[in-house]
Amino acid sequence: DTGVSQNPRHKITKRGQNVTFRCDPISEHNRLYWYRQTLGQGPEFLTYFQNEAQLEKSRLLSDRFSAERPKGSFSTLEIQRTEQGDSAMYLCASSRSGQFNYGYTFGSGTRLTVV
Amino acid sequence: GQQLNQSPQSMFIQEGEDVSMNCTSSSIFNTWLWYKQDPGEGPVLLIALYKAGELTSNGRLTAQFGITRKDSFLNISASIPSDVGIYFCAGPRSTSYGKLTFGQGTILTVHP
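Residue numbers (this note's numbering), protein chains in the order written: chain U, 1 to 115; chain F, 1001 to 1112.
None of these hints come from the bench; they were simulated from the model.
A portion of the hints provided could be inaccurate.
[Said to hold, decoys possible] With a Cα cut of at most 20 Å, we get these calculated DMTMM-like pairs of lysine to aspartate or glutamate:
hint, chain 1, residue 1, chain 2, residue 2
1, F, Lys1099, U, Glu44
2, U, Lys57, U, Asp86
3, U, Lys11, F, Glu1015
4, F, Lys1099, U, Asp24
5, U, Lys11, U, Glu56
6, F, Lys1099, U, Glu52
7, U, Lys57, U, Glu68
8, F, Lys1099, U, Glu56
9, F, Lys1099, U, Glu68
10, U, Lys71, U, Glu44
11, U, Lys14, U, Glu68
This one's a predicted model, so the numbers in the text were calculated from it and none came from an experiment.
Construct the entire structure; sequences and hints are all you get.
In structure tokens:
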């Protein structure tokens, strides 16, 4: 068990470009979450998956954002036509479902800078 | 919507001092969580509280679930330099299992 792994750790991109981030959850965890964190704020929920099903999406997840978890294992978060306001830390977390335990495990995040 | 307000926003203390911070909400939460985030890392769970009035400790950390279910407190005793970081309270949204709402964080600086 190596924890939740996120790649890349840092990404600098030009406005208008597309970017994709990857998250590998803890292997026995069937729930996977994406959060976004801007400077000076707590993480904000974006979306979550149970196995391969995307169960909920936040209003923060505009049409330019898409997340997938094709085989119920790793997940990708893609941002199309990036804007400067997309600059943030993107955090992935995983947990088991069906437990009275909200303490999911976060990855170290991907820091996106749009220039 | 459900929002969590943390205070203070930041604290500067001397090593060895005790620290108190709190988190309040206009809505009832059935679970309170306290996380710590180090620079460039994701949050790490410190303490989870599941019952109103509950007092739970984890080493030098003690957290309480307020009786009204609208607040929670975190205390750190005998602070050390590695306590530096951002402390977040969080709770699950009433409308959806598993989604967490986070406060804006308390930044703790410990001077040796």
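Hint check:
no., hint, result
1, F:Lys1099 - U:Glu44, "holds (9 Å)"
2, U:Lys57 - U:Asp86, "holds (17 Å)"
3, U:Lys11 - F:Glu1015, "violated (36 Å)"
4, F:Lys1099 - U:Asp24, "holds (19 Å)"
5, U:Lys11 - U:Glu56, "violated (26 Å)"
6, F:Lys1099 - U:Glu52, "holds (17 Å)"
7, U:Lys57 - U:Glu68, "holds (12 Å)"
8, F:Lys1099 - U:Glu56, "holds (9 Å)"
9, F:Lys1099 - U:Glu68, "holds (18 Å)"
10, U:Lys71 - U:Glu44, "violated (25 Å)"
11, U:Lys14 - U:Glu68, "violated (23 Å)"
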